[in-house]
Amino acid sequence: NAGVMQNPRHLVRRRGQEARLRCSPMKGHSHVYWYRQLPEEGLKFMVYLQKENIIDESGMPKERFSAEFPKEGPSILRIQQVVRGDSAAYFCASSPTGYGNTEAFFGQGTRLTVV
Amino acid sequence: DQQVKQNSPSLSVQEGRISILNCDYTNSMFDYFLWYKKYPAEGPTFLISISSIKDKNEDGRFTVFLNKSAKHLSLHIVPSQPGDSAVYFCAAAGRRGGSNYKLTFGKGTLLTVNP
Chain A
1 NAGVMQNPRH
11 LVRRRGQEAR
21 LRCSPMKGHS
31 HVYWYRQLPE
41 EGLKFMVYLQ
51 KENIIDESGM
61 PKERFSAEFP
71 KEGPSILRIQ
81 QVVRGDSAAY
91 FCASSPTGYG
101 NTEAFFGQGT
111 RLTVV
Chain B
1001 DQQVKQNSPS
1011 LSVQEGRISI
1021 LNCDYTNSMF
1031 DYFLWYKKYP
1041 AEGPTFLISI
1051 SSIKDKNEDG
1061 RFTVFLNKSA
1071 KHLSLHIVPS
1081 QPGDSAVYFC
1091 AAAGRRGGSN
1101 YKLTFGKGTL
1111 LTVNP
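Order-wise, the sequence lines are chains A and B.
Mapped onto the working numbering, the consecutive letters of the first sequence carry residue numbers 1 to 115.
Mapped onto the working numbering, the consecutive letters of the second sequence carry residue numbers 1001 to 1115.
Quick caveat, the hints were computed from the structure, so don't treat them as lab data.
A virtual CB, placed ideally from N, CA and C, is assigned to each residue, including glycine.
Hints are supplied without guarantee of correctness; some may be wrong.
[As the list claims (entries may be wrong)] Label-pair ranges, simulated between beta-carbon atoms:
no.: 1; chain 1: A; residue 1: Gln50; chain 2: B; residue 2: Ala1070; range: 29 to 39 Å
no.: 2; chain 1: B; residue 1: Thr1026; chain 2: A; residue 2: Leu38; range: 19 to 29 Å
no.: 3; chain 1: A; residue 1: Val83; chain 2: B; residue 2: Val1078; range: 44 to 54 Å
no.: 4; chain 1: B; residue 1: Ile1053; chain 2: A; residue 2: Pro96; range: 23 to 33 Å
[Claimed, not checked] Calculated from the model, a selection of chain A residues having no Cβ within reach of chain B, i.e. all distances over 12 Å:
no.: 5; residue: Lys27
no.: 6; residue: Pro61
no.: 7; residue: Lys62
no.: 8; residue: Phe65
no.: 9; residue: Ala89
no.: 10; residue: Arg111
no.: 11; residue: Val114
no.: 12; residue: Val115
Can you make the complete structure from the sequences, with help from the hints?
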């Protein structure tokens, strides 16, 4: 039973390019959460998705960032026109229900470096 | 503004002794608290949690204490082992507000357990 899978593990992008981060939740999990960890900071909530629905995107920057969780396939966090300040570790978590934070399992993260 | 604060960036203890990690919070809407452990290049792993209706929760070597009046919680690890060396994150959620899925993290404390 594989855990939460994120890919790529490391991603380097030049300023202005697009970054696509993928998250495959654990089997049987239909709730996905994205968090961002800036250097020397704690994780910060970005967005909560269920299959085909965005439930809460209050932590996501209004511009350049978008997320989806299609009926088939992984959840995608997309960052357009990346800037240096987007360099961070992006973590995805999944849970079988939307309640009870202890049920959320984190992936290993994608480390985005913008050069 | 930091709603969850871990004021000690690092802590070093001897194997077999007690490790005490501290966490303070400012948001009185938080009613559920969690501790996560994180190794380098991995995602956070859930350790232990406590609801605001309790003041103590124990799981093996790990005990979390909650002092609601002081808005303070602590994680005790007894006895400490070298494998406990990791970054420990305190996190909080406000379940009454219906956003129990949204965790607010502290910046973390790096625990080093020396053999």
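Tested hints:
Judged by the Cβ atoms, the range 29 to 39 Å given for Gln50(A) and Ala1070(B) holds: they are separated by roughly 37 Å. Range check, Thr1026(B) to Leu38(A): Cβ separation about 20 Å, and the 19 to 29 Å hint holds. Range check, Val83(A) to Val1078(B): about 45 Å between beta-carbon atoms, so the 44 to 54 Å window is met. Here the CB-CB span from Ile1053(B) to Pro96(A) is close to 24 Å, well matched to the stated 23 to 33 Å.
Under the 12 Å C-beta cut-off, the non-interface status given to Lys27(A) relative to chain B holds; the minimum distance is some 17 Å. The claim that Pro61(A) lies off the interface holds: its Cβ sits roughly 16 Å from the closest Cβ of chain B, which is beyond the 12 Å cut-off. At the 12 Å boundary, the C-beta of Lys62(A) stays outside the reach of chain B, the nearest C-beta of that chain being 18 Å off. For Phe65(A), the non-interface assignment is confirmed: its Cβ lies about 17 Å from the closest Cβ of chain B, beyond the 12 Å cut-off.
Its closest Cβ contact with chain B, about 9 Å, brings Ala89(A) to no more than 12 Å, contrary to its assignment away from the interface. With a least CB separation of 8 Å from chain B, Arg111(A) falls inside the 12 Å interface cut-off, contrary to its annotation. Against chain B, the non-interface label of Val114(A) holds: every CB pair exceeds 12 Å, the least being about 19 Å. Residue placement check: Val115(A) keeps its beta carbon more than 12 Å from all beta carbons of chain B (closest about 20 Å).
Consistency with the previously given hints fails for numbers 9 and 10, ordered from lowest to highest.
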